[in-house]
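A.B. asks: Given the structure of chain A, go ahead and fit chain B onto it with the hints provided.
Chains as they are written, first to last, in the working numbering: chain A, 1 to 173; chain B, 174 to 392.
Take these hints with a grain of salt, some might be off.
[Claimed, not checked] Within a straight-line C-alpha distance of at most 20 Å, the following computed SDA-like cross-link-like pairs (lysine to any residue) qualify:
1. K266(B) x D141(A)
2. K57(A) x G327(B)
3. K57(A) x Y87(A)
4. K159(A) x S143(A)
5. K384(B) x T90(A)
6. K57(A) x L191(B)
7. K57(A) x V12(A)
Just so you know, the hints here were simulated from the structure itself, not pulled from any lab data.
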Amino acid sequence: MPRHEELELLMVRYQNGDASAVTELVETLSPPLYRFFTSQFVSRRFADDLLQETWLKIHEVRHTYRPGEPVLPWIYAIARHTRVDHYRRTRRVEDREQQVEQLPEAAATAAPDSRGFDLEAVLRQLPESQREVVVMLKVADMSLEEVARATSSSVGSVKQKAHRAYEKLRGLL
Amino acid sequence: MTPEPVNPVLLERIDASLRRDLRPVRPRASTGVQVAVLLAIYAAVALAGARYFGYYGWRRLSTGAAGLIFPALGGLALLAAAASANAMTPGSKRPAHPAVLLGVVCALMVAIFAVLFGDHRTDRFVPQGVSCLRAGLMWALPAAAGTWLVLRRGFAVDGGAAGMAMGTLAGLAGLTMLELHCPNFRLPHIAVWHTAAVPVSALAGYFLGSKRKAAELMQ
Numbered sequence: 001m002p003r004h005e006e007l008e009l010l011m012v013r014y015q016n017g018d019a020s021a022v023t024e025l026v027e028t029l030s031p032p033l034y035r036f037f038t039s040q041f042v043s044r045r046f047a048d049d050l051l052q053e054t055w056l057k058i059h060e061v062r063h064t065y066r067p068g069e070p071v072l073p074w075i076y077a078i079a080r081h082t083r084v085d086h087y088r089r090t091r092r093v094e095d096r097e098q099q100v101e102q103l104p105e106a107a108a109t110a111a112p113d114s115r116g117f118d119l120e121a122v123l124r125q126l127p128e129s130q131r132e133v134v135v136m137l138k139v140a141d142m143s144l145e146e147v148a149r150a151t152s153s154s155v156g157s158v159k160q161k162a163h164r165a166y167e168k169l170r171g172l173l
Numbered sequence: 174m175t176p177e178p179v180n181p182v183l184l185e186r187i188d189a190s191l192r193r194d195l196r197p198v199r200p201r202a203s204t205g206v207q208v209a210v211l212l213a214i215y216a217a218v219a220l221a222g223a224r225y226f227g228y229y230g231w232r233r234l235s236t237g238a239a240g241l242i243f244p245a246l247g248g249l250a251l252l253a254a255a256a257s258a259n260a261m262t263p264g265s266k267r268p269a270h271p272a273v274l275l276g277v278v279c280a281l282m283v284a285i286f287a288v289l290f291g292d293h294r295t296d297r298f299v300p301q302g303v304s305c306l307r308a309g310l311m312w313a314l315p316a317a318a319g320t321w322l323v324l325r326r327g328f329a330v331d332g333g334a335a336g337m338a339m340g341t342l343a344g345l346a347g348l349t350m351l352e353l354h355c356p357n358f359r360l361p362h363i364a365v366w367h368t369a370a371v372p373v374s375a376l377a378g379y380f381l382g383s384k385r386k387a388a389e390l391m392q
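Isolated chain B (complex conformation):
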């Protein structure tokens, strides 16, 4: 293969323009540190939300149910935090697209709820559900803002995917808050309205990430 020669004048121009602003920069923290900070934000927001509304759900949950729900939520939050940190670092490992992670989060949580809760009644399904979803999303907002603050120095090669990963983490903070707070253990309510906080937040993140990219392209 005959290599295409690069114009030496172009190389000189690139070199000169990079040298013009060559102040030292501080590299970003390691993925481990970023993930730890993101998890702290996730837990702080979920606990603050539950404290604000009251820990009614936590008090009514059996030890077995709590022992299954909260470790699962914590584990998924760990994956979402790692996906968010990686999405903001070019060339980092990405075992799966954030959309796959979102699918796993929704499927796993609905499966856990289906195993634990057997009450299928649906009276006042919509009004109670909307109020829970609103509360979940309201507390996903500070988690999203905190996540963005931690990761804002990064660079996303795929804005939509990065937004989706961050939105998933924020949505998990909202869902965790709802599990701590909401004493309504009817399966349709939890499986639909509580879980919905995650995809709604993730899709909002995806939309914002893509919009940001589109705005950059318009410049």
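This is chain A alone, in the form it adopts within the complex:
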């Protein structure tokens, strides 16, 4: 992951219509964004859809990024918004169709690592709000302040969620 200043420069080039900046941003930010989606119980197919939708939304509102501001909270706020919208839309459709004969697609699971330890499964034990904070802090490498901005909450609230999540994880491991 490039340093924050590099991401800011890439965003400014993106706003100026630089095609190489787009490619670099998509390649750099897509893996952690994808990880963010798969950690929220969504299937691989939904994660693909969410990633695509998020980038389209980012493209549509790229003028709302203000040069000099941190990029990651801006990106993750949009990703979070896309995920919530997608969830609501899916629920609406499911409520209408009431498809009971089809079982929901299994959630995407990462293969356990060589030690046989599956952190993904452990993360699933956490409530959604805590899991989201842990993924932003540990996978996207964001600061507490950045997570607070991305989740439209206060630093204190993020600290509290992270603390509770670590306590729970410690108990599970």
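C.D. replies: This is chain B only, laid out in the frame that chain A set:
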């Protein structure tokens, strides 16, 4: 943690679709500039409304009361303008939810009115009150329209909260107009009907913001 690989075909597809429409865009103005413009709209609407109805309240107010009410209203309008601008920018700082701001606005203004005005009579409470509330909301409308015009290029990740912040600012413009205009200094009248312009306007904003979001989801 084993990272989940992203399908390279998907990445190529995303990249290609973004490159297809890659015209340069102009970033939005800074929060400071947006807040300054919003405050100018707030003041212009409040003053225009008071000029239209007459500055009867302003003429009757003591210097001390005016010195407490209007700086408080200005300060709260500053907070509401900042909350509105931030609500329309993804990933910006949000020290408190707009609902908290609304609560602070109502509590603080009622407390100030309670300290300043001691007349508790309630005759003609409803007819006079409804007329003031109607006037306050009537002048909150242009403030809301101006606020929306300034912030329309933004993007709200939480439509309801953004609508509530904008509604609070518009309601404050209505309340300020009423304080400049209304010469009725009875505490129940001011505390209930004048202050009500803010929550009614904020809730209307919340409703419209949420409705807009629901309409997007239906598409």
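A.B. asks: Now, for every hint given, state plainly whether the structure supports it.
C.D. replies: Tested hints:
| no. | hint | in the structure |
| --- | --- | --- |
| 1 | K266(B) x D141(A) | holds (19 Å) |
| 2 | K57(A) x G327(B) | holds (13 Å) |
| 3 | K57(A) x Y87(A) | holds (16 Å) |
| 4 | K159(A) x S143(A) | holds (10 Å) |
| 5 | K384(B) x T90(A) | holds (18 Å) |
| 6 | K57(A) x L191(B) | holds (10 Å) |
| 7 | K57(A) x V12(A) | holds (17 Å) |
When held up to the earlier numbered hints, the structure conflicts with none and fits them all.
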